[in-house]
Amino acid sequence: MAAEQQIGRSAPGKEAPRHVTGRGRFVDDLTLPRMLYAGVLRSPYGHARIGRVDAAKARALSGVRAVVTPEEIQRRLRPFKPGRYAAGLKVAVPEYAGAVGKVRYVGEPVAAVAAETRAMAEDALELIEVDYDALRAVVTIEAAADPGAPVLYDELGGNIAWRGHVAYGDVEAAFTSADRIVRDTLKIHRYSSTPLEPFACLAEWTLGKLTVWCNAQSPDVICDALSEALGLDQVRVIVPDVGGGFGQKIHLIRKYVVLTALLAVDTGRPVKWIEDRSEHMMAGGHSCEQEFDVEAAVRADGEVLGLTIRDTDDVGGSVSTLTIHFTNKLNNLFNVYKVQHLRLEGRSVVTNKCPVVPNRGIGKPGMCFVWERMMDRVAQELGLDPIQVRRRNLIEAGAFPYTAPNGNIYGSGEYEALLDKALAKVEYDTVRRQQQAERSSVARTLSGSRGEPDKARPTGTLLTGIGVVIGLEPGGRNAARDMAIFPESKQMPGAGGVEGATVKIERNGSVVFTLGSVSCGQSHETTAAQIIADVLGVGIDRVSMTGGFDSALSPWGVSSSNSGNNFHLYDVGAVHGAASRLRDKLLTLAAHVLQADRNTLAVDDGVVYDSTNSITFAELGRIAYSNQALLPPGFEPGLQATWYHSHPHADPLMLPDRQGRVRAQYTFSSAVHAAVVEVDVDTGRVRVLRYVIVSDNGTLINPSVVAGQIYGSAAHGISVALGEGFVYGDDGQLLTLTLLDYGKSTTLETPRIEIEHHPVPDPFTTLGQKAAGEGAAIPSPAAIAAAVEDALSPLGVKVRELPLSPERVWRLINGLTV
Amino acid sequence: MTHTMQLTVNGESCRAVVEPRTLLVHLLRDQLGLTGTHVGCVVGECGACSVLVDGALVKSCLMLAVQADGCTVTTIEGLSTSASTPGLPGTPGTPGTLGTPAILHPVQEAFIRRFALQCGFCTPGFVMAAAALLARNPNPTEVEIRQQLASNLCMCTGYVQIVEAVQEAATRLREWQQSSR
Ligand code: FES
Ligand code: FES
Numbered sequence: 007m008a009a010e011q012q013i014g015r016s017a018p019g020k021e022a023p024r025h026v027t028g029r030g031r032f033v034d035d036l037t038l039p040r041m042l043y044a045g046v047l048r049s050p051y052g053h054a055r056i057g058r059v060d061a062a063k064a065r066a067l068s069g070v071r072a073v074v075t076p077e078e079i080q081r082r083l084r085p086f087k088p089g090r091y092a093a094g095l096k097v098a099v100p101e102y103a104g105a106v107g108k109v110r111y112v113g114e115p116v117a118a119v120a121a122e123t124r125a126m127a128e129d130a131l132e133l134i135e136v137d138y139d140a141l142r143a144v145v146t147i148e149a150a151a152d153p154g155a156p157v158l159y160d161e162l163g164g165n166i167a168w169r170g171h172v173a174y175g176d177v178e179a180a181f182t183s184a185d186r187i188v189r190d191t192l193k194i195h196r197y198s199s200t201p202l203e204p205f206a207c208l209a210e211w212t213l214g215k216l217t218v219w220c221n222a223q224s225p226d227v228i229c230d231a232l233s234e235a236l237g238l239d240q241v242r243v244i245v246p247d248v249g250g251g252f253g254q255k256i257h258l259i260r261k262y263v264v265l266t267a268l269l270a271v272d273t274g275r276p277v278k279w280i281e282d283r284s285e286h287m288m289a290g291g292h293s294c295e296q297e298f299d300v301e302a303a304v305r306a307d308g309e310v311l312g313l314t315i316r317d318t319d320d321v322g323g324s325v326s327t328l329t330i331h332f333t334n335k336l337n338n339l340f341n342v343y344k345v346q347h348l349r350l351e352g353r354s355v356v357t358n359k360c361p362v363v364p365n366r367g368i369g370k371p372g373m374c375f376v377w378e379r380m381m382d383r384v385a386q387e388l389g390l391d392p393i394q395v396r397r398r399n400l401i402e403a404g405a406f407p408y409t410a411p412n413g414n415i416y417g418s419g420e421y422e423a424l425l426d427k428a429l430a431k432v433e434y435d436t437v438r439r440q441q442q443a444e445r446s447s448v449a450r451t452l453s454g455s456r457g458e459p460d461k462a463r464p465t466g467t468l469l470t471g472i473g474v475v476i477g478l479e480p481g482g483r484n485a486a487r488d489m490a491i492f493p494e495s496k497q498m499p500g501a502g503g504v505e506g507a508t509v510k511i512e513r514n515g516s517v518v519f520t521l522g523s524v525s526c527g528q529s530h531e532t533t534a535a536q537i538i539a540d541v542l543g544v545g546i547d548r549v550s551m552t553g554g555f556d557s558a559l560s561p562w563g564v565s566s567s568n569s570g571n572n573f574h575l576y577d578v579g580a581v582h583g584a585a586s587r588l589r590d591k592l593l594t595l596a597a598h599v600l601q602a603d604r605n606t607l608a609v610d611d612g613v614v615y616d617s618t619n620s621i622t623f624a625e626l627g628r629i630a631y632s633n634q635a636l637l638p639p640g641f642e643p644g645l646q647a648t649w650y651h652s653h654p655h656a657d658p659l660m661l662p663d664r665q666g667r668v669r670a671q672y673t674f675s676s677a678v679h680a681a682v683v684e685v686d687v688d689t690g691r692v693r694v695l696r697y698v699i700v701s702d703n704g705t706l707i708n709p710s711v712v713a714g715q716i717y718g719s720a721a722h723g724i725s726v727a728l729g730e731g732f733v734y735g736d737d738g739q740l741l742t743l744t745l746l747d748y749g750k751s752t753t754l755e756t757p758r759i760e761i762e763h764h765p766v767p768d769p770f771t772t773l774g775q776k777a778a779g780e781g782a783a784i785p786s787p788a789a790i791a792a793a794v795e796d797a798l799s800p801l802g803v804k805v806r807e808l809p810l811s812p813e814r815v816w817r818l819i820n821g822l823t824v
Numbered sequence: 136m137t138h139t140m141q142l143t144v145n146g147e148s149c150r151a152v153v154e155p156r157t158l159l160v161h162l163l164r165d166q167l168g169l170t171g172t173h174v175g176c177v178v179g180e181c182g183a184c185s186v187l188v189d190g191a192l193v194k195s196c197l198m199l200a201v202q203a204d205g206c207t208v209t210t211i212e213g214l215s216t217s218a219s220t221p222g223l224p225g226t227p228g229t230p231g232t233l234g235t236p237a238i239l240h241p242v243q244e245a246f247i248r249r250f251a252l253q254c255g256f257c258t259p260g261f262v263m264a265a266a267a268l269l270a271r272n273p274n275p276t277e278v279e280i281r282q283q284l285a286s287n288l289c290m291c292t293g294y295v296q297i298v299e300a301v302q303e304a305a306t307r308l309r310e311w312q313q314s315s316r
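Respectively, the protein sequence lines represent chains Z and B. So in the numbering used here, spot 212 of the first sequence is number 218, and the numbers just go up one at a time. So in the numbering used here, spot 63 of the second sequence is number 198, and the numbers just go up one at a time.
Calculated directly from the structure, the hints in this document are not laboratory data. Just so you know, even glycine gets a beta-carbon here, dropped at the ideal spot from N, CA and C. Mixed in with the good hints, there may be bad ones.
Not the full set, but computed from the structure, chain Z residues with beta-carbon under 7 Å of chain B [unchecked claim]:
id, residue
1, 14
2, 18
3, 27
4, 200
5, 203
6, 283
7, 526
8, 527
9, 756
Chain B side only, calculated, beta carbon under 10 Å to chain Z, not exhaustive [to be verified]:
id, residue
10, 172
11, 181
12, 206
13, 244
14, 254
15, 257
16, 280
Next up, chain B with everything else stripped away, as it sits in the complex (with noise of 0.2 Å):
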């Protein structure tokens, strides 16, 4: 049996047929081909499949696919560009400074230039947390990343260069919003 379903991701209207056990993250890996959401776990403990469903931050391996249905869905792909990703603070992002084509969103550059990845496998699941995080925090002090970072592992950082890219995106993001206010 199997389901027809409707979806936006990252500013695009997809339609996808999916078996009622497909996961979230398999139909955006294995069939629309946005492998940037990594799978560590599947069971919701590592956070490197997170994703934004309707603004709000989602592991996408504790949602099927199904639930998505008529969702708007904001994959590491679709960050940088997405102009009017609800719940972000409605930034394209300042334009790459680091050899990048794209344009990045601060977090992503601040993860490059505070060397905030090393095997780069968590990497667009704590982009995409930090990101959340400060859409709903501007100003988050050490303990409050910390806290709300909990819930995606690195296995590799010893977290406190993503600790650090999360305080200096969110200066960049505050002066960012000042000035273009």
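The following block holds chain Z by itself, in its conformation from the complex (with noise of 0.2 Å):
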């Protein structure tokens, strides 16, 4: 019986049944012999200046085995270097794995203890006396920027952490030739995914060796971190499943793991430390506010000629991840737009706020808003369709691969076929009609009411709006990036990307797999296992994976990393190349048993077969670890692969050019998002009636594994556009603490998002494939800003910042400040 044909097809999730039974195994689910718990104590201000600290207390308490002070943290750890995040950093500002001197954040590490139960430790924490001499908090970007400001460093002598630029072909004579300017100021607020397990993690020292377990999504931060900070390089990194990641459990991380393992070391005992919902509220990392003022050069007939940008990045109370959310924007610079002429310059703001990491698309949420809501803000101005404006300046289909002024080569693309697709699936013409009709309707009862919000007015006002918008979602990260913005950097921070996979066919016969990457739940192990069951010719049932990662047996390389969208490209391509490599030395034994030409043999479900004999793996299998008289000469006993994979089509441009130019990422999955919406006058509420999503993701392996990915990615955005929002006081106090107070979408809020997939393989990868990940959330913002915009359009209302709470809705509707 022929082995079904695995890709392409929506074979069910291997991971899937381990959790619906309750027996996924996270970190916080792993108890190890005379296990110790750790708490973490935390700064109650946003800025302040460390006094003394007595920690007498705590200790003296029954039950707690270790304190762990800031004066400890300085002189046993030592900083941490200024990573790949922090490229852009000009001077050196130590940032260690607890507050030393000084807090900046409220939740900012303090101090650490183990002991005997959580709630001992807890209770310890509460014993820990700190002085605290309060400082004024710079909690916006303007109060930062202020020369009058109280400064969070006094190394960078001001606020204003970096500045730079980067600029592609001539801004200047683009200006200058065109019909008119557009100007707008545009905004995007902190947020977060929001991980349901917050981080975690397990210490074990012993011997001079450490063992972690934790769900760090970069296993490279966390062995870095640990060598940096304790000089330890005998360690070993155990990733199990991960309650969910989207960026956020890259960074910020390691200074609790670091904190952990200090306690074990201290201890002598495992130490488990698990966050709770608050800490990582107020401590585990948020997106990136960013402001932009835009300008773009377009011609009468809607073509944009050039754009100039200038962002400012509040990167909150830290210089870690100062210049993420700006070297970001080089993957979807120019999006999808053929436009050749752009200037973006940056500066990066420090406040008495979190700091920012990683989230779904880092800063390309940012860079899609900005282009997109100049579509729409040019289409009005110019009296066009804003549909149409699009067209104008979409990259055409025959013009692939493409490459962009930044360097980016897009393999492949149909975005105008993605738009009539996305038009029609969302019946445009239909929604348009309706709105028309809605709108003289209800035109007398608006007349006059704006900017008087006090007088009376029919109740259950609702005008319904539809917003178009179309993004990138670039995949696989180019390690050496950043050298486009930072020729200057000392450490090459590495090049293309690299990542291992291994397969073996077992005594047994059965497909054994271990993968270089960390999974946070996107179907890794189904995924790469429809993949060798292909390769090798073998039912599905048949092939599993071995485990987590676990840096001591995973064939991993800098793309390990569960960020960049890397899987598709560097996991698909080391998981076939091993596969491919298996299947090879599989051949060759099964020609030297059966007598037979290697060439006429072929492979079906576990059974290698000619015209005439078959064998079948479990019989291979036994001869190549226990029969030495059946192998060929010189075969390499066993039924093993590993094969390390890099981009082969990683050049030109992997290294930036003398323009600057270089390849952020390796593959571009595109996709057309339209939103229509209703939105009620009186009470600024916004609903989501109909979401639909036309995407291009390549060769798609696991559809349904995709559009998981998609509906998820679009659901974050969406809660992000709608409401969902980390809030401040004056006082750099987090008034969000909580899920609910945060406004995070649930079942009721989030539209049943529809999907249609329209895959255009990726000329240079594997099987074809382009990611799906960070996706869906790079263009919702954009989408649903539109929509809402296009609602209003009756009382004049533009969008420029989010999120749309019914506040900010009905503030505007009222045209007062928001």
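Hey, can you piece these two chains together into the complex? The hints should help.
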């Protein structure tokens, strides 16, 4: 019986049975003998000097086994090295695992305790006395940039921690020859994908060797952190099931791994630390608040000749991620448009808020927001249709592979086709007709009421709006990208990417594999098993993954990081490479054993055969591991292959050229999002009536898995646009410590997102695949913004910033300042 | 000060010694080793800790362990085999057809078939909440499903495939009940 082809099929999730039965294994599910529990003392102030710290009472509490104070943190740890996220940092600013000298955000870790139970650890935290000398907190970009503002870092001499720019083409000429300059100021707020499982770490120290179980997305960050801060090189990092990542678990988690490790070293006992929700909200990392002053040089027919953007990034109370939200804009700098001239200026400002971290797309949602809001703005100012303005500027289907002015090479794309399909699916013309009818009926009730919120108006006025946007989803990171922005960097950050996989046929004929990467719920096991099943010719039920990431066993490289949409490029390449080599080996052995011509052999459902003979994987497995007499001369025993993959088409422009052109990422998925919303004019409440996505993610290996990534990322972007977000008081206190206050959308606010796949295979990847992960989180905030603005266009409302909470929308409707 | 308490968990009777401040979720996870019940917020917002207490859906982070003294608790580990779970439509579920040795509850099967999970952290809570929902209302509309699952948060899936799974589970449960009538 022929095994069913797996690639392209929605094979059931191999991870699913354990999760639906409660048999997943997350860090907090693990227990070791004599394990202690850690707690972290956090700053109650947004900005303060740390004075005397007295931990005597905490140490004396029954059950407490170790306490780490700021003094010890400074004396016993070394600061982290400024990594690639802080590539723009010009002066040395030491950053330790805990606060030293000063606290710069509410929730910054100050001290840590290990005790026999978690409750005892928490009791002990309350007994640590810290004298704080409170300083004025700096909470807005405006306040931070004020010359008289309190300075967070004396080393920097001010709160503007970095300035820089990139420019491509002849921007000046584009602006000189323009018919019109369209300007706007746009803002994106602080938010987070808030993985449901907070940070978690379990550390065990045995005879000079440290083993860490943690839910980090990037094992290299953890290994580097332990080496930099503690001087530990004998480190094993194990990542079991991870309850969501989205970028949140890349960076700040390293602080807590170091603190937990220090407590394990001090006590000689395993120590577990589990972050709680409010700790995660205040100190787990936020996305970046970004402000953009944008100017577009346009022709009267809607062609955009050039764009200049002045981008200010509020990076919070740390310089360790100073430039990521700027550098990541290189990845979708030109979005889907053939515009040739662009200048992006950036500055990063430190404030007394939680440090920013990668979050589903990093600077890309901001970049897409700029492009798509400006496309709508251009259309309005020129009196053109917004769809037509986009069509005018889209890269045409015949132009691929297309090299963008900053060096990104888009392998394939059919942007107009995506647009056509989305308009048809959302029934754009019908919505417009209905909107027309609706507007004429409510026109009278609305006229004259703007700016007079108290004036009586018939209640229940609902306005419909539609927004259509288009965005890129870059995938597969090139480690050399930042060299284009920081050519003066002394340390080369690496180039391209490397990732491995091992595939093995066992003695009993079953197939096991080990990935180099961490999975946070993206069905890596399922997708990889599908590829292996097809390449080897074996039923997918016989294929399984050995376990999660283990730095001692997984064949890993820089691209193992669960970030940058790496999996589709690097892991798929590695798994395919390893399986292909194993198949080769299998055929060599089978040909020898069967005395057959290798070229006449076929493989199906775990059997190697030709017209006369056949042999099963199990029979070959037994020979390969136990019967030297039957092995071909020179044959390496066993049936296993490991393959480290780099992108074979990483060049040209893997390294930046003289014009600063570099490939930031290697594949470019794309999607059109069409949102239909209804705005309640009386309450400002926005309801999403329909949300349609037509998406090109290249060859689909598992359509349902890809759909899941699209649904999830779109839902997050929609929630971001509709109201979720972090809010700080003027004193630097975080007011959104719970998911409820924060405003995360539930099943009620989240629309039933509709997806249509429109795969255009990538000519350069292993199977034609492109990325699916960050995806729909990139254009969705812009789609909702466009739809709400469209709904409120009879009132002349312009949407320039997010989130579109009922309060903000109500204020916009009533002409009040936001 | 500690309390000694007695409860039935997944059909087994157990005795536990707890502090007055111990939460039910911590008793289940830390003392009884039932780690399928998760903690996403510990303040009643996310539903990852959902269990059944005497047949009622409960967020086990909002209940003190001592409040469950004398109660019958069903966790995700017990759902698939709990033939007599009060409040559920008296089912041992249908046999697993997806390579799982256990007998799965129709909600569990549907979650697998409809890709209703990604990282799996919210999944036990959603499965418990959906099972309880179908016990109350065997034929819910999409709106009803969305209303009644709004007590649970998922950060990964965008809910579409979860709602589809619950709809499929409802259909299968009804079929199963009709055929066994
Ligand atoms: S952990 Fe109980 S509701 Fe979140
Ligand atoms: S699957 Fe990850 S939180 Fe729901």
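Results for each hint:
1. 14: 15 Å, violated
2. 18: 6 Å, holds
3. 27: Check passed: Cβ of residue 27 of chain Z comes within 6 Å of chain B, closer than 7 Å.
4. 200: 6 Å, holds
5. 203: With a minimum Cβ separation of about 5 Å from chain B (threshold 7 Å), the hint on residue 203 of chain Z holds.
6. 283: 4 Å, holds
7. 526: 6 Å, holds
8. 527: 3 Å, holds
9. 756: 5 Å, holds
10. 172: 7 Å, holds
11. 181: Residue 181 of chain B check passes; min Cβ-Cβ to chain Z is 6 Å, inside 10 Å.
12. 206: 19 Å, violated
13. 244: 8 Å, holds
14. 254: 3 Å, holds
15. 257: 5 Å, holds
16. 280: 8 Å, holds
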